[in-house]
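Okay, here's what each chain looks like letter by letter:
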Amino acid sequence: MVPPTPRRFPLPDSHAAVANANVSRDAHAPDSLQLRHHFATEEQQRDAVNLGMWAFLATEVMFFGGLFAAYLIYRTWYFPDFAAASKSIDAAMGATNTAVLICSSLTVVLAVWAAQTARRTLLIVMLILTMLLGCVFLGVKGKEYKDKFEEHHVPGASFSFDNVPVPGHPDQYANPRHAEIFFALYFIMTGVHAIHMIVGLGIFAWLLAMAWKGRFTPEYNTPVEIGGLYWHFVDIIWIYLFPLLYLIDRHA
Amino acid sequence: MSMATIANAPIVERENYLNKHYGVGSWLFTTDHKRIALLYLISITFFFFIGGFFALLIRLELLTPASDLVQPDTYNKLFTMHGMVMVFFFLIPSIPAVLGNFLVPLMIGAKDLAFPRINLLSWYLYIIGGAMMLHCMLTGGVDTGWTFYAPFSTAFTNTKIVEAGLAIFVAGFSSILTGLNFVVTIHRMRAPGMTWSRLPLFIWAHYATSIIQLLGTPVIAITIVLVAAERTLHLGIFDPKLGGDPVLFQHLFWFYSHPAVYIMILPSMGIISEIIACFSRKRIFGYSFVAFSSIAIAVFGFLVWAHHMFVAGISVYAALVFSALSYAVAVPSAVKVFNWTATMYKGSIHYDAPMLYAFGFLGLFTIGGLTGLFLAALGIDVHVTDTYFVVAHFHYIMVGGAVMGYMGGMHFWWPKISGRLYPEAWAKLSALIIFIGFNLTFFPQFVLGYLGMPRRYADYSHMPEFQILNVFSTAGSTVLGIGYLLPMVYFLWSMRYGKPATDNPWNAAGLEWKTTSPPPTFNFDEEPVVTWEAYNYDKLDSPHNPHHGATHTKEVPVAR
Numbered sequence: 153m154v155p156p157t158p159r160r161f162p163l164p165d166s167h168a169a170v171a172n173a174n175v176s177r178d179a180h181a182p183d184s185l186q187l188r189h190h191f192a193t194e195e196q197q198r199d200a201v202n203l204g205m206w207a208f209l210a211t212e213v214m215f216f217g218g219l220f221a222a223y224l225i226y227r228t229w230y231f232p233d234f235a236a237a238s239k240s241i242d243a244a245m246g247a248t249n250t251a252v253l254i255c256s257s258l259t260v261v262l263a264v265w266a267a268q269t270a271r272r273t274l275l276i277v278m279l280i281l282t283m284l285l286g287c288v289f290l291g292v293k294g295k296e297y298k299d300k301f302e303e304h305h306v307p308g309a310s311f312s313f314d315n316v317p318v319p320g321h322p323d324q325y326a327n328p329r330h331a332e333i334f335f336a337l338y339f340i341m342t343g344v345h346a347i348h349m350i351v352g353l354g355i356f357a358w359l360l361a362m363a364w365k366g367r368f369t370p371e372y373n374t375p376v377e378i379g380g381l382y383w384h385f386v387d388i389i390w391i392y393l394f395p396l397l398y399l400i401d402r403h404a
Numbered sequence: 072m073s074m075a076t077i078a079n080a081p082i083v084e085r086e087n088y089l090n091k092h093y094g095v096g097s098w099l100f101t102t103d104h105k106r107i108a109l110l111y112l113i114s115i116t117f118f119f120f121i122g123g124f125f126a127l128l129i130r131l132e133l134l135t136p137a138s139d140l141v142q143p144d145t146y147n148k149l150f151t152m153h154g155m156v157m158v159f160f161f162l163i164p165s166i167p168a169v170l171g172n173f174l175v176p177l178m179i180g181a182k183d184l185a186f187p188r189i190n191l192l193s194w195y196l197y198i199i200g201g202a203m204m205l206h207c208m209l210t211g212g213v214d215t216g217w218t219f220y221a222p223f224s225t226a227f228t229n230t231k232i233v234e235a236g237l238a239i240f241v242a243g244f245s246s247i248l249t250g251l252n253f254v255v256t257i258h259r260m261r262a263p264g265m266t267w268s269r270l271p272l273f274i275w276a277h278y279a280t281s282i283i284q285l286l287g288t289p290v291i292a293i294t295i296v297l298v299a300a301e302r303t304l305h306l307g308i309f310d311p312k313l314g315g316d317p318v319l320f321q322h323l324f325w326f327y328s329h330p331a332v333y334i335m336i337l338p339s340m341g342i343i344s345e346i347i348a349c350f351s352r353k354r355i356f357g358y359s360f361v362a363f364s365s366i367a368i369a370v371f372g373f374l375v376w377a378h379h380m381f382v383a384g385i386s387v388y389a390a391l392v393f394s395a396l397s398y399a400v401a402v403p404s405a406v407k408v409f410n411w412t413a414t415m416y417k418g419s420i421h422y423d424a425p426m427l428y429a430f431g432f433l434g435l436f437t438i439g440g441l442t443g444l445f446l447a448a449l450g451i452d453v454h455v456t457d458t459y460f461v462v463a464h465f466h467y468i469m470v471g472g473a474v475m476g477y478m479g480g481m482h483f484w485w486p487k488i489s490g491r492l493y494p495e496a497w498a499k500l501s502a503l504i505i506f507i508g509f510n511l512t513f514f515p516q517f518v519l520g521y522l523g524m525p526r527r528y529a530d531y532s533h534m535p536e537f538q539i540l541n542v543f544s545t546a547g548s549t550v551l552g553i554g555y556l557l558p559m560v561y562f563l564w565s566m567r568y569g570k571p572a573t574d575n576p577w578n579a580a581g582l583e584w585k586t587t588s589p590p591p592t593f594n595f596d597e598e599p600v601v602t603w604e605a606y607n608y609d610k611l612d613s614p615h616n617p618h619h620g621a622t623h624t625k626e627v628p629v630a631r
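Residue numbers (the numbering used here), protein chains in the order written: chain E, 153 to 404; chain W, 72 to 631.
This is chain W alone, in the form it adopts within the complex (with noise of 0.2 Å):
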């Protein structure tokens, strides 16, 4: 049948991604990049709320200074596998994989990434590698911390380092091979007039966040092979009783481990820039400022992973070095959150519950990227050195920052990636609830961190004093959890329920926006020919665009 027939014909439902095939088999044997993203949406949703329930047990065993719900030695564990199923397979795969495969085609305009194939191999990876995580936590776990320290991962744990490490180096392949797809796509596969000018700015930010994926994965991978070959047959690469250098592993792991705080939240950073200019109606301020801000980030990123290594004995002098360095990476961080501000300054504000993530986002971000700055600074890094402090700064850029992206992202999205309205007023109602439950959690930590409380602790009963702030912390994260699972409720509610969303529900300028929803198999019916600027909203809005003011005042998503 050809596009043209399928057009005219009148039927109610036009044929999308989502009903031109059927069967399990049309799903896991899929190559088209909006599918997958669906199948990764999944995968990583299920860990989410794996890695969300150790948190809930961790906090739990904190609400008392006794360590009273759980052993010593099964906290370490939950802190660890909190750690480990939080970074690797929800972070770090989340935006990248989930919206940025769906997205990237549709906005530069291809039919599909350059490797359809490498990109569901890709998703075959992080499953194999999820089954052998999942394995590892069901037959007795890590305790060693997700940055598993040599030679204590080596030399003395008795858990399960090496299945964990092959589980994160296979997965790690999931995200090289991701962040390769992305690079040839948006260098190869961009729609005629689609310059790098004209790209949108998420596409700037994935841009930036694969080569990261592609520079950085593979060294973590290798030190995981180092890792465990010295486990299992007694080298000493990294053990210093046999000669090795237990610093050098530190130096390889935050060699990856520190850019891969912006894998996080490039992404997310990307999201912010396309939500706001929507909601304030507006050319997003100093667009190639906000563009190259984000390889600067990838580039500087890639410059500062020492200062995780302060106290670990490395010299003064690089050292110094290093905190000059982070401070650097403040500077493009910064572009970004000042350009953010200017372009929603005197625009037409929409409050809907994207942009409300993306405030909260704005004022989340900027307290972790501030409380940052103190831990790049000598001084006060060694006093606040494995304290809560730390725990909190990370959480503020790693939850407040790239989850608040995520999810902000999702519910600007979701009426092009289901074809479906969200209901609004749920929406800001757990856009709120984050917002309060995530403070709530962790702005005590910074105190109680500020005080001296060391983090990895099962009991502090020799500090009683803490447990005010604890319970605050405690009853944040209930709190946390319960704005985590509506958005699950009335997002799988909206599919069957929501009301049919518009081919551009936000009137958002876009590629994406201007093929229907949900798109088609080969997302475009024809193929796409940009002559404008990426959000040229003074042009959609002007009283001469034939289409001003059609969709967005009507047909935002409305609560029922």
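Looking at chain E on its own, in the form it has when it is part of the complex (with noise of 0.2 Å):
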């Protein structure tokens, strides 16, 4: 299949004089229609894109960071009651969670790969199939939430976890106001998690929807890399949410 000549993005028509000048006057930049009228090059303009990602990526560290540093400080004091609740959520759909998202990670990268080489229709493919895993992903994590709300393992008034034994210590039983503290981190962390991935949903939905148009070649793709940087760090973000939550102590 063909792929249809890109066309430009529309600019503000004070813009617009300033971007024509540019591509006049710059001779080795033969389709800079993307270029926005305040960089000198394409290469810059990716440049600074996949830069300012990079700076977010980093404010998003740092976002989670403040999470593990607290998870740090009560999965030390309180290991028992964290082990305990650990326990009592469900490895096999975490494991299958992170199986989903890893399997996303390689789509995300075959679809930047699709974009670099004109494959407009693999793009479109691999941008549904991120999609799709994203709501596999989203559709399990309902399940264990709705499990949780049902054993009534959701921090608050109806919380309940009386009688758990700690693991490896038959006859000592969990702390449930400690245990509430795992349940709130749990469910602070991977909601924060979570609301990541339905951004990402968002950002991928544009991006098919500027796939099925025809905009991205193989000179201008910065919006696929980007968006799969955002995506591959929400991933990683979840590779260090499975262990710390789901296995503490699973061998005891």
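Honestly, the hints are just simulated from the structure, not real lab data.
A few of these clues could be false.
[To be verified] Derived lysine to aspartate or glutamate pairs resembling DMTMM-like cross-links, with alpha carbons at most 25 Å apart:
no., chain 1, residue 1, chain 2, residue 2
1, W, Lys91, W, Glu597
2, W, Lys91, W, Asp609
3, W, Lys312, E, Asp314
4, E, Lys300, E, Asp242
5, W, Lys610, W, Glu598
6, E, Lys239, W, Asp316
[Claimed, not checked] If the Cβ cut is set under 7 Å, some of the chain E residues that face chain W in the computed set are:
no., residue
7, Ala207
8, Met214
9, Phe215
10, Thr248
11, Gly294
12, His330
13, Ile350
Backbone N, C-alpha and C define an ideal beta-carbon position, used for all residues, glycine too.
Since each chain comes alone in its own frame, lean on the hints to assemble the complex.
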């Protein structure tokens, strides 16, 4: 299938004149149609956008970093209670979700490759696959939340975690107060992660619409690339969340 | 219309960013960094006067030992809202979002910031956060102190913690986006020849600031999320009654809020470097030391937060380490002060208003910084924790340092921003009034604090001997208030009646002075190519320079 010719972004009137001036002045950039007015070259624009996404991800690391710090402290303080609470969540579903997200990272990489090599159909397929895997993840997550709700493991007035033995210590019961802190962290950490997944789905829906219109070319595919960066980041957060939340002292 | 015909056309006022488009829409939907800077200028000035109004009420209450003007509960809200408004809605956005926004692209020879639409988004986020904060204040406010320590904020107070927290959360993302824009712009948008070692120190300072905004702000964002979750869902993350750790809250809070002080002071230091070099007519002394001291402050600034917690029950070994690291931050700060002083040494010093503000900054920042060392020392800190000594110290840094630099910068670049000259005599007078008013307000507070007057009390009737110093302080705050009102009046006046500014009224080095005043929408008619070092005042003032003496002596702003 022949990729349609790229269409230009609609630029505001005041910017269009300058963008055109750039096109005519810079003979080395024959395809400057996606160039915004304040960049000199497409390479500069691509570098800037990439750096911007990396800087944003640094911000995200610190955002989750506060949660990981809180987790670290309470896990150290209340380790037996955390182990007991961790055992009550379904590691099989967590593992399934881990596999789903790792697969989605593969489809994202293939989408970026497809965009760079002008394979429009493959790009669209990979974007759709990524979104499907994202939805599967959220569905499994929803099922886990529902189970926790039915087991009264959601922190709050109806929370109950009585007479749950500590793994490896059948004579010792977990302290419900401390287990509640585990579940508070569990819901906040996975909840904030899920919000990031939903934002990611929104980004990929937009990318899909752009890909459908044939906007991406080997020269212009930065949105796919930085959208992919974001998706990988959200995956990596999960790669840390899974063992920290699901796999505390499972062998005991 | 092409640029060439504009330049040759016999029109009275050149086309610039102010007169290119008219109408409210052309401002509210602009992506021009200079217009966004002015939007920020108006917004932060609004919040500055709200915060200042609270400050005056606080000082009026403390005029007498009894709590007779307002009830203690109201007083708690006054100092809380004063702190929240001033920190999150004035000081943190002040220099970066106004002068940084306006000047970063101009100084590095770019047409705009890297992400103009994100820049506009950041202003809208600020406005949304500000509106939430205003609504929160009008419907009851918050009474916890701006630090909203848990578990008081999460389990006890019945004021609007969640709404104020969300306002700060939203405004925080505005700050993150500004920092992100600056980092990318400084890395990727520099004009040909503008190497890192030729960057103005203002740019280095903003680069360091942006790193703090990027890496610090998200931590307070997640802290606010945890506080809001704990308060609404009664979780036990910070509440010790439910197994949580209130000291963890303080760690997370100060991990951002201490570096936040450097978000305020670093850009101000950048301004001071520009002003002192220009009005001493000298290359800055030790350029690379001043540049890297900004980075060092940003890095060390992340490692000292627990010096706010020496009495919070942290381990004595942790306290020792944090005390030593807090001393270490003083080194790059002192490097700057010594280098500015050395720049002035044997310089040809001009006593224009921006320089008077820079002098004020030097003295006040030095006092604020040195008293910071008192507070880094464990023994003295335990003695003066939660007294007026701390209040005086951080006001010397934030008002005497950051705001002095901001005022100096506003005067220095006002001809570039507005295309008009401000009245120099009035500006000198207001610099003097601010300096006197500031010291009269805050120096007595050092004494009060050392004598043991605690902060955050409406009523000190059991220690009436403190009244005389409080009267000084309240009198000073009135003087200070007048000092801040004056520039607002004459800046507004000069927009209509001020003498038109030349392109470079100070005969200053720096790319921003090589374009027109006010600059055109895309900043430069031709893309600049940089072949010179920053602060080449020796070349500018050389008798061989064809422009030598062309502007400085004749066209400095004059009083009328």
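Comparing the hints with the structure gives:
1. Proposed proximity of Lys91 (chain W) and Glu597 (chain W) is supported: the alpha carbons are some 18 Å apart, at most 25 Å.
2. Between the alpha carbons of Lys91 (chain W) and Asp609 (chain W) the distance comes to roughly 37 Å, so the proposed pair goes past 25 Å and is violated.
3. Only pairs whose Cα atoms come within 25 Å are accepted, and Lys312 (chain W) paired with Asp314 (chain E) is accepted, the gap being roughly 18 Å.
4. Our distance criterion of 25 Å between C-alpha atoms is met by Lys300 (chain E) and Asp242 (chain E), whose separation comes to about 10 Å.
5. A hinted pair counts as satisfied when its Cα atoms are at most 25 Å apart, and Lys610 (chain W) with Glu598 (chain W) qualifies at roughly 22 Å.
6. A hinted pair counts as satisfied when its Cα atoms are at most 25 Å apart, and Lys239 (chain E) with Asp316 (chain W) qualifies at roughly 24 Å.
7. Because the smallest distance between the Cβ of Ala207 (chain E) and any Cβ of chain W comes to about 5 Å, under 7 Å, the interface hint for this residue holds.
8. For Met214 (chain E), the interface hint holds, since its Cβ comes within 7 Å of a Cβ in chain W; the closest pair sits about 4 Å apart.
9. The interface hint given for Phe215 (chain E) is met, as the beta carbon of that residue sits about 4 Å from the closest beta carbon of chain W, less than 7 Å.
10. Given hint, Thr248 (chain E) at the interface with chain W, is violated; its Cβ is 27 Å from that chain's nearest Cβ, farther than 7 Å.
11. A hinted interface residue such as Gly294 (chain E) counts as satisfied when its beta carbon comes closer than 7 Å to some beta carbon of chain W; here the least separation is about 19 Å, so the hint is violated.
12. Given hint, His330 (chain E) at the interface with chain W, holds; its Cβ is 5 Å from that chain's nearest Cβ, closer than 7 Å.
13. Interface restraint check for Ile350 (chain E): the shortest CB-CB distance to chain W comes to about 16 Å, outside 7 Å, so the restraint is violated.
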